[in-house]
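Enquirer: Protein chains in written order, with the numbering used here: chain A, 1 to 115; chain B, 1 to 213.
If you're looking for bench data, these hints aren't it; they were derived computationally from the structure. Hints should not be assumed to be uniformly reliable.
[As the list claims (entries may be wrong)] So, partial list: chain A residues that the calculated Cβ filter (under 8 Å) puts toward chain B:
no.	residue
1	24
2	44
3	68
4	81
5	86
6	88
[Stated by the list, open to error] Partner residues aside, some chain A positions facing chain B, computed with beta carbon under 10 Å:
no.	residue
7	3
8	5
9	18
10	19
11	22
12	64
13	112
Nothing here was measured: the structure is a model prediction, and the numbers come from that model. Glycine included, each C-beta is placed from N, C-alpha and C at the ideal position.
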Amino acid sequence: MVYLLCLVLFLIGIYGVLTQRNLIKIILSLAVVESSVSLFLILLGYRVGGIAPIETAARPHESFIGMSVDPLPQAMVLTAIVISLGVLALSIAIAMRLYQRYGTYDVTQIRNLRG
Amino acid sequence: MLMNLIVVLLMFVAIGAVIAIWTRDLLSAVIAIGVLGFTCAVVLLLLRAPDVAITRIVVEVLLLIILIRSVLRRGVRTVESSRSVPGMALAGAFVAVLLVLGVIAIRELPPFGEPVALMGLNEPAPTQPLEAGGPKQEIPPPSQTYIKQGLEKTHSGNIVTAVLLDYRAYDTLGEAAVLFTAVVGAIALLRRKSRKPPSPAEMAAGVGGSEDR
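The following block holds chain B by itself, in its conformation from the complex:
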């Protein structure tokens, strides 16, 4: 039941992607991307990932605002035809090769709904003491440790938050740094004029903020 629902929604997502890429009207393409993103959020919610779904919605709203701002100009609403026919044929061949390789890879994957990282989670842990020089003890995948000891060790009921802000807090710090850098870069690129007004000497020489606008 849930599986069928997810399949239908994923088909909806794929249709949104096709419309976004094939349509000539840029604003329609942006709106199709919005459809895709919000459908993704619904799928994530069905897959029991509420934190990711919430983030996805926030990100999608911001992305739509930026994209619509970039598209709403006179004269850029429609797109000319895409690249030349040989280029499209080459791209189609490349995509076909990727499809074949991907199908081969997917056949190796575990069936849907049985994650490898959680295998053997319900069996009790082996209790024999660890001996130096003895047989190596099997270390469980980190996911199992997080689920088993997350609440006890971090006192956070939400395990995803526990992983993000406690077990892998440096990772999140790096993420914040990347996001900050990207935002600073975007602001620097989009700023209309320099903050400091050009000095008269610069104005006379014809350099400074006005030329860079």
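Chain A on its own, in the form it takes in the complex:
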């Protein structure tokens, strides 16, 4: 059920990328795709009744091993989220530059104006 919701979120983003004409809307759709994928990876690492992968002195090591959720997807997704911020910021900068040049965010008009 949760996996299915992630898939639906992903497909909403894909649909937006394919059908939108406005550059900002396309970038927003990319952000939707990115968040769905990161959510999915974190969901894959969850364990029922799990605790955060942070060891404290209050909890013995054996019970921590038995309860902690998977730390590896969390570390990878942390990297992916930061990278996606860089990608989105760069694409927004390019979109703003295009707006300065052509006076519109509409990709079809930009294509017609060419040069």
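Given the coordinates of chain A, assemble chain B onto it according to the supplied hints.
Expert: Relative to the frame of chain A, chain B by itself:
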């Protein structure tokens, strides 16, 4: 209980995504993306991923600032209708195919809450000594090694930090390099004028910073 809460929040996220893509007003779309991102952060917190949730909040704030800056111009607030009808039908068909394939793939996944990488973690490790030429010893997935030996080997209680900054530190270095490159690229694109003022000869020839603005 937690499962139901996560399902409700994910539906909220999906509604935010639908509003962001279908609305005609760009500022509303950006705010809907903000709703989506912060709800994602709450879901991550519920999934016991506090580090990711904190990063997500920081990233979302920065992203919202950049997006609102790009949207707040005169004349760009509203969007015209989307692409032509055949294009939308084609996109809908593509998405439908992806949906079918995705549902087939999801049925192969392990049930929610039982990660494959952590299977057999509670059983004691086999203690027979490793012999050369003998049967291959099963190597546990890296996640299990991190959980079992993270504190002992890295002296970091937070295992996610141990993975990021110790086991996979080169990965994090690469991430920092990518982020740096992206920021430098964005600054170079958005800079209003060149740092060096154009020389008189360039001004006379009509080239230089002013034309590139």
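Enquirer: For the restraint on residue 88/A, tell me whether the closest CB of chain B is nearer than 8 Å.
Expert: Nearest chain B Cβ about 6 Å off; hint holds.
Enquirer: Close enough to count: is the Cβ of residue 68/A nearer than 8 Å to one in chain B?
Expert: At 5 Å from the nearest chain B Cβ, residue 68/A passes the 8 Å test, so the hint holds.
Enquirer: With a cut-off of 8 Å on the beta carbons, see whether residue 24/A makes it to chain B.
Expert: 6 Å, holds
Enquirer: At a threshold of 10 Å, is the proposed contact between residue 64/A and chain B supported by beta-carbon distances?
Expert: 8 Å, holds
Enquirer: Are residue 86/A and chain B close enough, Cβ to Cβ, to be under 8 Å, as the hint says?
Expert: 3 Å, holds
Enquirer: Hint residue 18/A vs chain B: min CB-CB distance below 10 Å?
Expert: OK, holds: residue 18/A within 10 Å of chain B, min 4 Å.
Enquirer: Was the hint right that residue 44/A lines chain B, CB cutoff 8 Å?
Expert: 6 Å, holds
Enquirer: Next item in the hint list is residue 19/A. Is there a CB on chain B closer than 10 Å to its CB?
Expert: Nearest chain B Cβ about 5 Å off; hint holds.
Enquirer: Minimum Cβ distance from residue 22/A to chain B below 10 Å?
Expert: Hint on residue 22/A: holds, closest Cβ of chain B at ~5 Å, below 10 Å.
Enquirer: Take the shortest C-beta to C-beta distance between residue 3/A and chain B; is it under 10 Å?
Expert: 5 Å, holds
Enquirer: Regarding the hint that residue 112/A lies at the interface with chain B, is the smallest CB-CB distance below 10 Å?
Expert: 14 Å, violated
Enquirer: Going by Cβ atoms only, is residue 81/A closer than 8 Å to chain B?
Expert: Since chain B brings a Cβ to about 5 Å from residue 81/A, closer than 8 Å, the hint holds.
The structure shown violates just one earlier hint, number 13.
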